[in-house]
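**Q** Chains as they are written, first to last, in the working numbering: chain A, 1 to 113; chain B, 1001 to 1114.
It cannot be assumed that every hint is accurate.
Looking from chain A toward chain B, a few residues come up when the C-beta cut is under 7 Å (computed) [claimed, not checked]:
hint, residue
1, 32
2, 42
3, 43
4, 44
5, 94
6, 99
7, 103
8, 105
9, 106
Everything labelled a hint here was simulated from the structure, so no lab data went into it. Computed from a predicted structure; not experimentally measured. Just so you know, even glycine gets a beta-carbon here, dropped at the ideal spot from N, CA and C.
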Amino acid sequence: AQSVTQPDIHITVSEGASLELRCNYSYGATPYLFWYVQSPGQGLQLLLKYFSGDTLVQGIKGFEAEFKRSQSSFNLRKPSVHWSDAAEYFCAVGPDNTDKLIFGTGTRLQVFP
Amino acid sequence: GAVVSQHPSRVICKSGTSVKIECRSLDFQATTMFWYRQFPKQSLMLMATSNEGSKATYEQGVEKDKFLINHASLTLSTLTVTSAHPEDSSFYICSASHRYNEQFFGPGTRLTVL
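The whole structure should be built from the sequences, with the hints applied where relevant.
**A** The following block contains the structure:
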């Protein structure tokens, strides 16, 4: 069965520091991959997605993610974190034979000034 | 574009009552809508998928008589929690899709059952 693992439950970084949030997936073929951000009490906003092509994907708010097939990973990165980036981040996989999304358990990002 | 709204954003009800949550796609026609449930500090769990004009498809373990879903038009889906109990208290999020593998999420509805 398809699954998504986000190993880090909680990450704390200083403002201006770089960030990498990890995501590993389990799926036989190449899945559709997504990163979403959720602020407290809010819905989800799409940061970026990977369907095919260039394995380095640029998203909104200065985020990028790299698909690595050999590692079954799709890690999210940002070179310099802002205090407003504090939120919950979810990685999701969409198997190519369905419209469904399977979400990871999320990583809570805390940013210190 | 691709804005999804939910109403109400927050609802408190007594145990045994039914609560209806609306999900609307404001600027596009959604062929498919999804309903998720999110417990505090946990991930989103898909409850059901609904296509306009047809019955919803429920995920394993989700009681379809408890969580009634209606997708009467291409811009509106409703989730009714029937005879709500405290264990139904949760954050309910809908999403809408008009093309394959792209979902747009609503802001969520916080349900508290007393």
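**Q** Broken hints, numbered, in rising order?
**A** none
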